[in-house]
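Engineer: Chain residues, written in single-letter form:
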Amino acid sequence: AQKVTQAQTEISVVEKEDVTLDCVYETRDTTYYLFWYKQPPSGELVFLIRRNSFDEQNEISGRYSWNFQKSTSSFNFTITASQVVDSAVYFCALSEAQDSSASKIIFGSGTRLSIRP
Amino acid sequence: DTGVSQNPRHKITKRGQNVTFRCDPISEHNRLYWYRQTLGQGPEFLTYFQNEAQLEKSRLLSDRFSAERPKGSFSTLEIQRTEQGDSAMYLCASSPRVGNEKLFFGSGTQLSVL
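Residue numbers (our numbering), protein chains in the order written: chain D, 1 to 117; chain W, 1 to 114.
Hints in this document: simulated from the structure, not taken from any laboratory.
Sample of chain W residues lacking proximity to chain D, with all beta carbon distances greater than 10 Å (derived):
(1) LYS14
(2) VAL19
(3) THR20
(4) LEU61
(5) PHE74
(6) THR76
Label pairs and their in silico Cβ distance ranges:
(7) D:GLY43 / W:GLU78: 20 to 28 Å
(8) D:THR72 / W:PRO8: 37 to 45 Å
(9) W:LEU114 / D:SER61: 39 to 47 Å
(10) D:ARG28 / W:GLN54: 24 to 32 Å
(11) D:GLU15 / W:THR76: 42 to 50 Å
(12) D:ILE11 / W:SER87: 25 to 33 Å
(13) D:VAL85 / W:ASN18: 37 to 45 Å
(14) W:LEU114 / D:SER71: 48 to 56 Å
(15) D:GLU26 / W:LEU39: 19 to 27 Å
(16) D:ASN52 / W:ALA53: 23 to 31 Å
(17) W:PRO96 / D:PRO40: 18 to 26 Å
(18) W:GLU52 / D:GLU17: 46 to 54 Å
(19) D:GLN57 / W:GLY72: 31 to 39 Å
(20) D:ILE60 / W:ILE12: 44 to 52 Å
Rough simulated footprint, nothing fancy, chain D against chain W, three-plus residues with beta-carbon under 8 Å:
(21) 39-52
(22) 105-114
By construction, the Cβ of each residue, glycine as well, lies at the ideal position given by its N, Cα and C atoms.
Just chain D, same shape as in the assembly:
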């Protein structure tokens, strides 16, 4: 069975600090996809990134970066020089790709990130 664990329930940092959100996953499949979503106070989930299991290259997008390590089943998310607008709940998610018509995305319990001015 697949599972996503986000051990950090809440994180609070001062603006401009770097912060890393941890994500550990479990799956028996060799082919799968990992995601990060952001849920701001307005409530609507916003897609941030998708990574497939064959691509272990780290990715950087502006102040955001993602570190995918298959050996430790982790897909961590780092925000550099955090800003107050980054305050939100962040969800890591996993979907298996055994059959393209039978996929669904399983979410972790989320990490609430608060950026203090």
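Keeping the supplied structure of chain D fixed, place chain W upon it in accordance with the hints.
Structural biologist: Structure of chain W alone, referenced to chain D:
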């Protein structure tokens, strides 16, 4: 692209009543998902459609829950004989094509069962 639309935004009902929610996905998105989210938790998968076909339904979903997508466009989620434990945010999402594409979420319907 007007986004995924869900109605109503809020629903308060008494235990035992039936409720129905509607989701209008992004036009031409053939996949539509229903999730449920309770406070402090991540979204929990309920069911999904590819066009009008319901391809998977969570085992956690009791027989009181039913979803339809009759013409492959909008979808409805009905809960019969509501219970207090059904209180949650019900989220709808759509994606453009087959495969593990990113999901576009609606703002959700907040259900409170008294």
